[in-house]
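Keeping the supplied structure of chain A fixed, place chain B upon it in accordance with the hints.
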Amino acid sequence: MKNKPLVTNGLSIGFGLLFLASLTGQAFSGLAYFNEQQMAANLEPVGFWQYVTSSSFAVDVSENWQSEYLQFFLLIVLAVWLVQKGSPESKEVEKRGLESDKDQMIGQYAKEDSPAWAKAGGWKTVVFSNSLGLVMGTIFILSWLAQSVAGFTAYAQEQLENLQDPGSWTEYIVSPEFWNRTLQNWQSEFLAVWSMVALSIFLRQRGSPESKPVGEAHDATGVQG
Amino acid sequence: MRTKVAMTFRALFALAAAAAVAVGATACSGSNPGSAEAAAAATMFHDDVRSGDVEAACGLLAPGTVEELEEGEPGSCATKLREVDLRATSTVLQSKAYGSDAQVVLDEDTVFLVQSGQNWKITAAGCTSRGERPYDCLIDGS
Chain A
0 MKNKPLVTNG LSIGFGLLFL ASLTGQAFSG LAYFNEQQMA ANLEPVGFWQ YVTSSSFAVD
60 VSENWQSEYL QFFLLIVLAV WLVQKGSPES KEVEKRGLES DKDQMIGQYA KEDSPAWAKA
120 GGWKTVVFSN SLGLVMGTIF ILSWLAQSVA GFTAYAQEQL ENLQDPGSWT EYIVSPEFWN
180 RTLQNWQSEF LAVWSMVALS IFLRQRGSPE SKPVGEAHDA TGVQG
Chain B
0 MRTKVAMTFR ALFALAAAAA VAVGATACSG SNPGSAEAAA AATMFHDDVR SGDVEAACGL
60 LAPGTVEELE EGEPGSCATK LREVDLRATS TVLQSKAYGS DAQVVLDEDT VFLVQSGQNW
120 KITAAGCTSR GERPYDCLID GS
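Taken in sequence, the protein lines are chains A and B. Heads up: the first sequence at position 122 corresponds to 121 in numbering that gives the first Met the number 0, and the numbers run straight through without jumps. Heads up: the second sequence at position 121 corresponds to 120 in numbering that gives the first Met the number 0, and the numbers run straight through without jumps.
These are calculated hints, taken from the structure and not from any lab test. Each residue gets a CB set at the ideal place from its N, CA and C atoms; glycine is no exception. Just to be clear, a hint being listed does not mean it is correct.
As the list claims (entries may be wrong) - Residues on chain B that point at chain A, a partial pick, calculated with CB under 10 Å:
| id | residue |
| --- | --- |
| 1 | Pro62 |
| 2 | Gln117 |
| 3 | Asp135 |
For reference, chain A alone in the conformation it holds in the complex:
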């Protein structure tokens, strides 16, 4: 049976729309909050386009990106070697590690419809074999850099409000303020991953690939519903 592209790409489209709707909501609520503060100080309000092109908005938008990418990057990479018996987030205990070329269908074991770089062998296959981790890791580093710039802007603005010197970016990235923000984001993401890995051993969500089938045994590993 043939399905329409909207159906076959539902997950990408759904989350894409959720992202855009949240971002739009954030733009309007952020503008209202910014102008509320301007009015309280008897200052002139700013317009919508003026607000969404300001560094204040950029700071708020990029604040948490890095920790989200770190979470997925670590889960993708660490789950190669670390397993959790009974969790659908883990592969089978015996499959720890990079697995064989045959299991991974690369080089001579590639199938007819395998991606070209999986068949190619050499550096192309090595790169393609690690492409998900490499890209997520790169986005994490870039978004962490963005957060350091955004965080510094917010910190410098606060300093100026208090009639203090803004300092520099290099001072900021070794400051307790930066590391406090960073670790605050990280611990919440690690807690969420840990909860997902542990709770999915004993709990089920019927029909979700993030869960095991409802009737599957608690100690069954590497099974999706």
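Then chain B, alone, in the frame of chain A:
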């Protein structure tokens, strides 16, 4: 089938790239005042005070700063500003803007500003550094 999936992903990628370009273009066309405008506002304030046009100088102050300066006597900004012993400045040494706040370092003064619509308004002037502690300012509405 593979071609169709690849085409859909290419379309999604193109859409994402177009969105990124649109965001970038919007970011570059913003009308937020920058550090150059902050330096211009600080210089203009000092020029107005030096030339005796204190009414115009008062117009460059943030409302909260005017209120602080007038100390409960509305309309007395110009009179009060004449009494402030601001040192004459001639050169902008440094101007920095972060979010809706800015700092302009002049040869004989440091001025703090806040964004008001598309302009900068002065929150503090006649400021002397005290190291890590907040600046000590002759005019201060922070």
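We went through each hint and held it up to the structure:
1. Pro62: holds (3 Å)
2. Gln117: holds (7 Å)
3. Asp135: holds (9 Å)
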